[in-house]
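Peer 1: Protein chains in written order, with the numbering used here: chain A, 1 to 326; chain B, 1001 to 1400; chain C, 2001 to 2428.
What the hints contain is simulated information worked out from the structure, not anything from laboratory work.
Possibly wrong hints are sitting among the right ones.
Simulated restraints, written as ranges between beta carbons of each label pair [stated by the list, open to error]: (1) A:Ser204 with B:Arg1382: 27 to 37 Å; (2) B:Glu1066 with A:Val309: 50 to 60 Å; (3) B:Asp1257 with A:Val309: 22 to 32 Å.
Derived DSBU-like pairs: lysine-lysine, alpha-carbon spacing no greater than 30 Å straight-line [claimed, not checked]: (4) C:Lys2236 with A:Lys149; (5) C:Lys2178 with A:Lys149; (6) C:Lys2389 with A:Lys149; (7) C:Lys2351 with C:Lys2417; (8) B:Lys1343 with C:Lys2039; (9) B:Lys1343 with C:Lys2062; (10) C:Lys2080 with B:Lys1343; (11) C:Lys2387 with A:Lys149; (12) A:Lys149 with C:Lys2234; (13) A:Lys149 with C:Lys2263; (14) C:Lys2311 with B:Lys1343; (15) C:Lys2147 with C:Lys2360; (16) C:Lys2417 with C:Lys2199; (17) C:Lys2339 with C:Lys2039; (18) C:Lys2345 with C:Lys2148.
For every residue, glycine included, the Cβ atom is placed at its ideal position computed from N, Cα and C.
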Amino acid sequence: MPSGGVEFSEFVQHLFLGLVQGSFWVLLALGLSIVFGLMGIINFGHGAFYMLGAYVGYTVSNLIFTPIFGPNVGFIMAIVMVPVVMFGIGMVFEKYVISNIYNTENERFSGVLIMFGMSIFLPDFVRLIWGRPGKPFNIPPMFQFSLLKTGTLDITAYRSFTIITAAVLVALLWVLIYRTNLGMMIRAGTNNNTMVKVLGINVSRIWRLTFGLGIALAGFSGVMIAPLFAVDATMGELILVQTFIVVVVGGMGSFIGPVIGGLILGQLWALTPLVGRTQYVVQNWTGTVIGPDFWEKASDILLFIVMAVILLLRPRGLFGQEGAFD
Amino acid sequence: MDSAAPKNRFTPKEFWAWISEVFDNYGILILAGLLLVYPFFFTTLNDSIIWLEDNDWETSAEILAEIRGFVPSTPLMIQILIYTLFGIAFNILLGNTGMLSLGHCAFFGVGGYTVGIMHAWIKPDTYAPDWMVSAFKVLPLEISLITCVIVSTFVAWLIGTICSSKRGVYFAMVTLSISMIFYYSAQTFDDLTGGTDGLGGLENMRLGSINLRVGIMDANITYYFVFFLSVVFIAIIWQILRSPFGHVLRAIRENEDRARICGYNVAKVRLMAFTMSGAISGVAGALAIIYGETVPIENIHFITSGQIVIITLFGGAGTFLGPAVGSFIYWYLRQLMSVEFVKYLAIFQYWEAWVGGIFVLIVLFVPSGILGTIRNMTLEYREKKYLAKQAAAEAAADPE
Amino acid sequence: MSRLDRRKFLKGAGLIGGIVAAQTAPPFLREGLGARPIKWGSIHPTTGPYATEAFDQVEGVKIAIEDVNKEGGVDGREVKLLFRDDQFKWDQTTTHALDLIDNHRVDFIAGSMVGPEEVRLNEFSRKRNIIYANYPQHIMSTPGNAKKMSPLFFTANTTPYQLCASSLTYIAKNNLGKKIHCVFDDYIWPKMFIPAFEKLTKDFNLTWNKNSSISWVPFPTSMDYSATFPRILKEKPDVVYALNWGQRQVAFVKQAREAGLDKKVKIVLGATEITMPEAAGPGSYDGFNAAMMWHPSLGSKYPAAKALNDKFLARRKRPCSSYGMLAHDLTRLILDTAKETKLYKRRDHFKLAKVLEGIKFQYSKGECQIRPCDHVCISEVFVMRGKSKAEMKDKFDHIEVIGSSSGEGNTVSCEAKGLKEPASERRA
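For reference, chain A alone in the conformation it holds in the complex (with noise of 0.2 Å):
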């Protein structure tokens, strides 16, 4: 039942978490985005190798510096560390399994046919390496306290790290696409890869650079977000549909759509919940109060009928370029 309103912290706490959650989802759908738009690649191994990008975050963190420089050092040198490791392996997976399949008969099925294929590979791989149970990854103790708590607001110091870090992170791969040459080479494959071709530039090498960028951002939002949430083979499966969510909403192929599409959606997500706790009454057709319940339970399945209605309204998402991955 409504409960007297929403308090402003309260309203304030949801759009921080709303925040968190958002800025996670653009890091993700940056790097899903990248690669579809310069390959056409659906990435449907996006999943796993955030997923790996966790376990190497652990590896590094837990099993390497921790035990040497203590917990602080060895997160620090996790989140520094896992994008270069997966950066290469991004890489190397591109060198010498994605650049056999180019200007083959089925190109764009075999592309996503082997990123499902990766998509089952790592998991059991993982497991095989690191043992089955799950891994403990945990906030590190500089983290560990609140910039600003007050009744239910509670601004902590490690989720405002990230949001921080998923700022800076996407101020500087504007930077990287938008003000450099090579950014601009990227550009230019995205819109017309066979002009970029016959310009004479060497398209593969932009393709590997890019590919290990996509995969580095996956690893990167799994080692941000596994002191949050659960390092495990099977993390990787749960985001991978709210990623391809965003993307599609954001408009693929755009660099601005999957920014603005993350931070739309998370804000959705956080702020469903508070509906049925506003003192307005939301009935159904029968007169029946909807409760708290129903919203609370709704913030999950709410992305899936916003995607399929801009989708229907909008086909190319709310940024994507006009009739360019038709």
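Position chains B and C relative to chain A; hints supplied.
Peer 2: Only chains B and C this time, still in chain A's reference frame:
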């Protein structure tokens, strides 16, 4: 008829030519014939093991049992047949019309839930009309199967009107999101569907007209039931795809604008293809439920869509029987790794990694699917042979 | 008719082939007592998210069967384990079950890790009249499923009602507080706890309301429980009761600690397993309470539990989880009963079920009893406390037992379910 053939026909070269010719013309019939006698073959193998066991020939029984481990059992063949039908129905869209749908789990699941809910919740004495009760005493499977076809056709038509006008990746994503809405509905209304635990307590899995109990009671009877229905529906799809309508589908796949300019109503044709594919997928879903007699929620989840995409592309999306090959290899490989190989090497406990790895390798080296590659090789070979023949004929006709 | 001839021909050919193959096996090499072994067909999802627990089950069954064989087998016959991986795909469960029952002629079917599997195997048991040893049970015990339950369905596990009763008894006895707020995952397992809450909160005089005291969390994709915390803080309950499992529970514990929720209210987890504190890290369950079916530290109380755990440590290099123990105990119970009564053949299963109904047994925990009317196993349920990092003795020592409750009061009574006669007499 073999004895009537002249003897020189069986030089090795001629023999292979003859084999390939026979397969060309009667391959699908041979396959159907083999599948028809498969339960006899497996039952015989199994019966001999049982006989040996009962007569204390333990060692030889064990040897034969080891061999049996590598032979797909009749239940596994039922599963393969169900996913073959699903894959071929799915391939109307993917291979023939060029639409990658990621939402076919919706039809597979809805078909299954229709049969499941009818058999779990409709009690003949309370809901069914009197004539039905007097005629069948119980709810017969025919009624629920027909209902399932109607419901899944309707659902497919409904989803099709919403999203069949989309193209490419957008089509894939819209179907994906709509199918996930079905999944969440099944999870939310768990009083009706059993939620994540699945729906159990299905009764009266009986064909009323011939009073035949299908389902988990006897694998052989279920095999023939599934085999018969699959063959009927696969034949329907075969007929559809070789009709003018099927040619329009492939015209749309190759060049949609040209098909439109030629005067075809592309939107309508796409919608019809989508509806047909969805309806037959619903039948496959119903068969899966009849086979297991419970409705798992997994059937309506995105995993199932992914699985059928893999199966279809594995076998070869461009060929008619590709999904059959894909389905066989997908399930057989999983079974072999998880049951047999584990016995010999502990590392096969992580068999998913092996299956995934093999899968990636197959995609890399056999990019157009297994059957697709075989077909391409055959075509290439024949073309070469034909050209050589022609050149020889030309040389003979024109000695200069 | 020609097909029949073909069949006969194939059978004959198979037999001849078999006899020829049999020549390779001289009779003096035959092992055992000459009688056909008893086959225990067991299906577990040793692939996928619950592989750790599934392998614990397999190990438990293996230990039980080895022990039975060491003690001379059942009626002089060796017990043989046929173990299948159903790959976390429920069509495969049917395939394996059909294969095991029809082709391998197993005498008992066992297994299951999660709900859909249990439902499937229960159908097999009900329709094909074979005893089904269910290891983790939670569906067939609910009142609505009484008719769907197979009369040959047996389990050693606790029901949601028992888990809930033990936690609420602990809360009421130790005066942890009056007002309870729940955090439930939105799927069917937590919903089974609602009837228990409705009855027991009245009995214990706790403040709880079905409409306003439950926060639902979307399942399965959303893992961020922190969206429920503002509401919890606003409601100001004394105790937060959370129901989640696997990596979702790990996420809940981490987020509750991060938000400092464990400092403000007492948090009780509806059910837990030793793998979860391990995945959450040392000391992360400090201050949390949880209900549990069994824990390896009970070895100090029951020698059999210690023996079982030692065998587990030697084989798996990790302590036994409650899944392993439940699988072991139920397998032992059925095989030992079959041994005593010599009712092990398929045609004797209803007689064996009759013996098993109401039987009292004690293996790795206190005395348990299988209730005749619905085959619920009336047994102890334990309440745990998370240890801090300093208290841990080794890397698996995350939680300790601080209480237990048992007895028929922890269950929905047969009268309340409307069941009078024993389940094996309710044959369709």
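Peer 1: All the hints need checking, so say for each whether the structure fits it.
Peer 2: To see whether the hints hold, each was checked on the structure:
1. A:Ser204 with B:Arg1382: 27 to 37 Å: 36 Å, holds
2. B:Glu1066 with A:Val309: 50 to 60 Å: The hinted range 50 to 60 Å holds for B:Glu1066 and A:Val309, with Cβ atoms some 57 Å apart.
3. B:Asp1257 with A:Val309: 22 to 32 Å: 28 Å Cβ-Cβ, so the 22 to 32 Å window holds.
4. C:Lys2236 with A:Lys149: Holds. C:Lys2236 to A:Lys149 sits at ~16 Å (cutoff 30 Å).
5. C:Lys2178 with A:Lys149: 26 Å, holds
6. C:Lys2389 with A:Lys149: Holds, at roughly 27 Å.
7. C:Lys2351 with C:Lys2417: 24 Å, holds
8. B:Lys1343 with C:Lys2039: 17 Å, holds
9. B:Lys1343 with C:Lys2062: Holds - the C-alpha atoms of C:Lys2062 and B:Lys1343 are around 15 Å apart, at most 30 Å.
10. C:Lys2080 with B:Lys1343: 15 Å, holds
11. C:Lys2387 with A:Lys149: Distance of about 28 Å is within 30 Å: holds.
12. A:Lys149 with C:Lys2234: 14 Å, holds
13. A:Lys149 with C:Lys2263: Measuring from Cα to Cα gives roughly 14 Å; hence the hint holds.
14. C:Lys2311 with B:Lys1343: 21 Å, holds
15. C:Lys2147 with C:Lys2360: 25 Å, holds
16. C:Lys2417 with C:Lys2199: With a Cα-Cα distance of about 14 Å, the restraint between C:Lys2417 and C:Lys2199 holds, given a limit of 30 Å.
17. C:Lys2339 with C:Lys2039: Judged against 30 Å, a Cα distance of about 14 Å means the pair holds.
18. C:Lys2345 with C:Lys2148: Satisfied, since the Cα-Cα distance of roughly 24 Å is no more than 30 Å.
In terms of the numbered hints stated before, the structure departs from none.
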